[in-house]
Amino acid sequence: SQELEQSPQSLIVQEGKNLTINCTSSKTLYGLYWYKQKYGEGLIFLMMLQKGGEEKSHEKITAKLDEKKQQSSLHITASQPSHAGIYLCGAPGVTTSGTYKYIFGTGTRLKVLA
Amino acid sequence: DAGVIQSPRHEVTEMGQEVTLRCKPISGHDYLFWYRQTMMRGLELLIYFNNNVPIDDSGMPEDRFSAKMPNASFSTLKIQPSEPRDSAVYFCASSPSPNQPQHFGDGTRLSIL
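Same order as they appear, the protein sequences are chains A and B.
So for the first sequence, my numbering puts the first residue at 1; every next one is plus one.
So for the second sequence, my numbering puts the first residue at 1; every next one is plus one.
Hints in this document: simulated from the structure, not taken from any laboratory.
Bear in mind the structure is a predicted one, so any value in this text is a computation, not a measurement.
C-beta: ideal position from N, C-alpha, C; glycine also.
There may be inaccurate statements among the hints.
To be verified - Label-pair distances were calculated between CB atoms; the ranges are:
(1) A/E55 with B/E44: 47 to 53 Å
(2) A/Y39 with B/N71: 28 to 34 Å
(3) A/Q14 with B/N51: 48 to 54 Å
(4) A/K68 with B/M15: 48 to 54 Å
(5) A/E55 with B/P70: 40 to 46 Å
(6) A/I12 with B/R41: 38 to 44 Å
(7) B/M40 with A/T20: 24 to 30 Å
(8) B/R41 with A/S7: 14 to 20 Å
Take these sequences, add in the hints, and give me the full structure.
What follows is the structure, given as structure tokens:
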């Protein structure tokens, strides 16, 4: 079965610093989603990447999809305390029985020091 | 627009009791998902529905867990009898189609004593 591995597992950065979170798939990626979760809340959808080489940005967050490497990266420029939370990648897939599956990465816990 | 609504937000109950979690998906979303999140196992898909029909329940831990979707605007996840290892945050999510992003509720934090 497909698995998504995120790195690093946790990250502490000083406000204003740039950072990158990676999501690596054990199988071919046909699309990838990035979510953010704050403690005690649900997941908030950030971005969806569907094609190899695709890059999307939202405010100071940029995500890229490298299909060959079966990997996606999430980059935050000039981090702020409001960026703190858990970032999760998710990918759609199909099981051997043909049903739809949706798996999530292990998550990266980000803390931004003011 | 109203998002996915879950209730209750918090539930504390004793081992052996029946627990029912509720979810109202976003109107017009044909897919509904139930997830469980723990520190050890992360976010796990338990079951999902398409047009009120259960499609894949392979993630349901055991027979103590059951889920229903009697209509397009309501779903329940039931645990009977509950055990301490069921303690987790349970999320409901919905999406208009399989390849569209899912919208998550705020979750139900369940503690079984």
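> Hint by hint, which ones does this structure get wrong, listed from lowest number up?
Replying inline: 1, 6
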